[in-house]
Amino acid sequence: MNSTAPHTLSANELAAIRADFPILSRTVRDGKPLVYLDSGATSQKPDPVLDAEQDFYLQRNAAVHRGAHHLAEEATDAFEEARHHVARFVGAQPHDIVWTSGATTALNIIAYGMQNATLGRGGDAAKRFALAPGDEIVVTEMEHHANLVPWQELAHRTGATLRWISVDDSGRLRTEELDTVVTQRTKVLAFTHASNVTGAITDVAAFVRRAKEVGALTVLDACQSVPHLPVNLTELGVDFAVFSGHKMLGPTGVGVLYGRTELLEALPPVLLGGSMVEVVTMTDTTFMSPPQRFEAGTQPVAQAVAFGAAAQYLGEIGMDAVFAHERDLTERLLRIADLPGINVIGPLDAVDRLAVVSFTVDGVHAHDVGQVLDDYGVAVRVGHHCAQPLHRRFGIASTTRASASVYTTEQDIDTFVESLQQVQTFFQVN
Amino acid sequence: MEQLYQQVILDHYKNPHGKGLAELDANQLGGESHQVNPTCGDEVTMRVQFTGDGTQRTISSVTWDGQGCSISQASISVLVQLVEGQSVGDVEHVADVFRQLMDTRGKGFPADDEATESKEDLLDDANAFTGVSKFPARIKCALLGWSALRDTLASTGASADAHAQGIKHC
Ligand SMILES: Cc1ncc(COP(=O)(O)O)c(C=O)c1O
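Protein chains in written order, with this note's numbering: chain A, 27 to 456; chain B, 5 to 174.
Derived from the structure by calculation, the hints contain no laboratory data. A couple of the hints might just be wrong.
Label-pair restraints from in silico Cβ distances [as the list claims (entries may be wrong)]:
no., chain 1, residue 1, chain 2, residue 2, range
1, B, Asp107, A, Ala42, 39 to 49 Å
2, A, Arg44, B, Ser159, 52 to 62 Å
3, A, Ala42, B, Glu6, 37 to 47 Å
4, B, Ser159, A, Ser192, 34 to 44 Å
5, A, Pro59, B, Glu6, 15 to 25 Å
6, B, Lys111, A, Asp378, 31 to 41 Å
7, B, Thr120, A, Arg200, 56 to 66 Å
8, A, Val455, B, Thr43, 19 to 29 Å
9, A, Pro59, B, Lys111, 22 to 32 Å
10, B, Asp107, A, Asp364, 41 to 51 Å
11, A, Val306, B, Asp100, 55 to 65 Å
12, A, Lys238, B, Glu6, 56 to 66 Å
Some chain A residues close to chain B (C-beta under 10 Å, calculated; not the full set) [claimed, not checked]:
no., residue
13, Asp388
14, His391
15, Ala392
16, His393
17, Asp394
18, Gln397
19, Asp401
20, His410
21, Ile422
22, Gln450
23, Gln454
Note that beta-carbon positions come from the ideal geometry of N, C-alpha and C, so glycine has one too.
Start from the sequences and build out the full structure, keeping to the hints where you can.
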């Protein structure tokens, strides 16, 4: 690290990036330029990603890991090359990267794999994943439902107890609770790298340190972090991590389960069928090594190839630059906190925080806020953003959320802020 | 925007009818329903009180509490206005016509249809929701209260009674 300020994107660089996203130049609602501030839900896709997917279908489409023909060979190469690109992007080994249909599936594979271990599948090696009454699973109060519900259900099915780290009034995790909530009884510590509601970035090092002290497995939900900041899973030292392609400029239908080699080798598979087996008799089956062991059935091959292209695209811009750019946007977005009648749910400073800003407007329901913003061409998300417990923690049912990405401009934010004031005018609350 | 947020809707939103739950009279048929819109977390609790029997059964009062957007809150208020004092059979008909309106994709009932005038007369203030039907994400908001009403009609047996009697008459 050098001490100079991180390089952010110049106006020319940003314009060049935007030119890669055809959708950003379309209009909505009777000719208004699109101001897309819903990247936290799903990102837009640049030409190189779209081209990679199309090129795969046009030139190399075939079943992978099967068939002895030329196309099958090229398809397999493209599929595995994509795994390399995505692995390098997050500082992992390719064989530790399992393709899934998304982060939600990846989290369920871990939770159900642990249940299978609890049922005795996977032999002695899998015993480290088995749960019993008295064991504890620890999550946090700011999880997306995808990193909460599978653990709740796993606890119900195994008799383990679910506990959680709470959130403070500023929307950050109370890291100091690790010492009391995470104990020798804790078997799993599952937590998000960054909140999809408050934008708060978790002190992963503190979580990993505490988990190691008590011998608990760590599961990192990296859905919101990997698209927006430099992430090196090996350096972070987590045991498992998950993220989705569609939030990081890639296609829908593909995501990643990352696991440390020895853990993937020990975890019993969940989805069973073709492409993941060695010897099958009428009564028993042996499974392939990871990552194939977890990739049953036909994979989203073209999507994985395009996901690889997305990782390359972001890698070429450089995640330091992406993060610096989005930090500028965060500061600009947070200006709404100074407007009368606007309440931001989340940290009010741009430190350790993503450009994800959720808020309420006094006297106007989130649905109505979103509707009026939409009339100005501003796309935001309204509701609980799949994080009901976090909203309940703040005593609210829903918020409006503006979230940025690498292609977001300061002009986008300014249009959003102006339109937000129109919301208050329309509902006569200012 | 003005097409969606008609003044009638904003007025009902600011001064809703029937808001604040009343105790149900245990001597009369009555019921309660709690409905949630899972996409936005909006909710309503509705209490419906009936008088009379069979086809003569009417809705004497509807009270409710809840939180939600202007569309859902105004729609419940309009519902109260439309159904209080009406027979169960008539209320089911209005509910039906309102659901039909929500299927018109912002166009409203066709001008060249004979039935349109009587449907519009029936819906009264609820015609203001025509613009809502253009926004698929908001139709659920407009229907939240109507779902609660339908649920109480079913759970109290008021609906079945009205129809059973109806069949006898045929
Ligand atoms: C923090 C977080 N975790 C998990 C998910 C689930 O991702 P997916 O729907 O791609 O499986 C999301 C997406 O909304 C998210 O923001």
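Status of each hint after checking the structure:
About 46 Å separates the C-beta atoms of B:Asp107 and A:Ala42, a value consistent with the hinted range of 39 to 49 Å. Take A:Arg44 and B:Ser159: their Cβ atoms lie about 54 Å apart, and the range 52 to 62 Å holds. Separated by about 40 Å at the C-beta atoms, A:Ala42 and B:Glu6 satisfy the suggested range of 37 to 47 Å. For B:Ser159 and A:Ser192, the Cβ-Cβ distance of about 38 Å falls inside the hinted range of 34 to 44 Å, so the restraint holds.
Restraint check, A:Pro59 to B:Glu6: a C-beta distance of roughly 21 Å satisfies the suggested window 15 to 25 Å. At roughly 50 Å, the beta-carbon separation of B:Lys111 and A:Asp378 lies outside the given 31 to 41 Å, and the hint is violated. Roughly 60 Å separates the CB atoms of B:Thr120 and A:Arg200, a value that falls within the hinted 56 to 66 Å. Between A:Val455 and B:Thr43 the Cβ separation comes to about 24 Å, which falls inside the hinted range of 19 to 29 Å.
Between A:Pro59 and B:Lys111 the beta carbons are some 28 Å apart, a value that agrees with the proposed interval 22 to 32 Å. For B:Asp107 and A:Asp364, the Cβ-Cβ distance of about 44 Å falls inside the hinted range of 41 to 51 Å, so the restraint holds. Hint check: A:Val306 to B:Asp100, Cβ distance near 56 Å, so the stated range 55 to 65 Å holds. Between A:Lys238 and B:Glu6 the beta carbons are some 60 Å apart, a value that agrees with the proposed interval 56 to 66 Å.
Among the interface hints, the one on A:Asp388 is violated; its C-beta lies about 14 Å from the nearest C-beta in chain B, farther than the 10 Å criterion. With a cut of 10 Å, the hint placing A:His391 at the interface with chain B holds, because the nearest CB-to-CB distance is about 4 Å. Evaluation of the A:Ala392 hint against chain B yields a held restraint, the C-beta minimum of about 7 Å falling below 10 Å. Contact between A:His393 and chain B, as hinted, is supported at the beta carbon level, the nearest pair being about 4 Å apart and thus within 10 Å.
At a threshold of 10 Å, the smallest CB-CB gap from A:Asp394 to chain B is about 5 Å, leaving the interface hint in force. This hint holds: A:Gln397 has a C-beta 7 Å from the nearest C-beta of chain B, less than the 10 Å allowed. Proximity of A:Asp401 to chain B holds as hinted, the smallest CB-CB distance being about 5 Å (cut-off 10 Å). A least Cβ separation of about 5 Å between A:His410 and chain B falls short of the 10 Å threshold, and the interface hint therefore holds.
A least Cβ separation of about 9 Å between A:Ile422 and chain B falls short of the 10 Å threshold, and the interface hint therefore holds. Taken as an interface hint, A:Gln450 does not check out: its beta carbon lies about 14 Å from the nearest beta carbon of chain B, beyond 10 Å. At about 9 Å, the closest approach between the beta carbon of A:Gln454 and any beta carbon in chain B falls short of 10 Å, and the interface hint on this residue holds.
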